[in-house]
Amino acid sequence: MANDIPIDLLQGTLDMLALKALSLGPLHGYGVLLRIQQISRNRLEIQQGSLYPALYRLEHEGWIAGEWGQSENNRRARFYRLTAAGRRRLDAEAKKWNQFADVVAAILKTAPEEL
Amino acid sequence: MSARSRILTWWRAVTRSAQLEAQVEEELRSHIESYAEYLMRSGLSRHEATRRARAELRSIAARKENCRAAWGTRIFDELGGDLRFAMRMLAKSPGPGRHCHRIARPRHWCQHCHLHRGAAHAARPPASAASGTATPLVVVATNGWSG
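The listed protein sequences derive, respectively, from chains A and B.
Reading the first sequence from the start, the letters are residues 4 to 118 in our numbering.
Reading the second sequence from the start, the letters are residues 148 to 294 in our numbering.
Keep in mind the hints are simulated off the structure, nothing from the lab.
For each residue, glycine too, the CB sits at the ideal point set by N, CA and C.
Treat the hints with care, since some could be wrong.
[Stated by the list, open to error] Chain A stretches covered by chain B per the calculated footprint, using a threshold of three residues with CB under 8 Å from any CB of chain B:
#1 25-33
#2 55-63
#3 75-86
Construct the entire structure; sequences and hints are all you get.
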């Protein structure tokens, strides 16, 4: 089925998805990846290599904060959590994204007789 | 606040670069191990799982560079790289009194000496080598330009 084909992530959306994943609770880097895949039911193809630069970028902007802790496998891991600024950013990004998606959907649904 | 956070991460990346890089490396290794464990649960051997996990995350060195770029330290990395390049070129330079015979044009990048030669140098005849006078050589801190 066409719905099962993994979709490549659109440029610039990984930051927003990482913020969303972290809004559900603190996670280490690999956990962020797993959570996005879990929520998308494995329909999104995320380049693992682009995850960490995105996390460091978000941390640099102050939207997430990282601290070292112990993972579920007793491995030392860096856990990230969403900051208040990050939550505001996520809200703004989600609003912008929904508006964009609405506009694109409306354009795609347009029939010739509507013009 | 965003500006405070930017300054903090940037300052940490500049002043505690080695420590931060070690942390990034540890974090990436932890990711590789976790992903390899997941692949092993799906039936791959440890060797194959680790190989595939590494390949998917690609080169750790390249990732580290991207991560540093995310902290806004690219300009310092480039400056550091240019300075190291300049020092290497200085170490390789012909030294005072010796001249490159391959170029004569002023302000020209010499592929042989790997140095940017000033007008003063070009104006002097190579024979000045015999007198032992030092020739001013300008090392250009960029590797993107060549004549």
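Checking against the hints above, which ones are violated?
Checked against the structure, no hint fails, so every one of them is satisfied.
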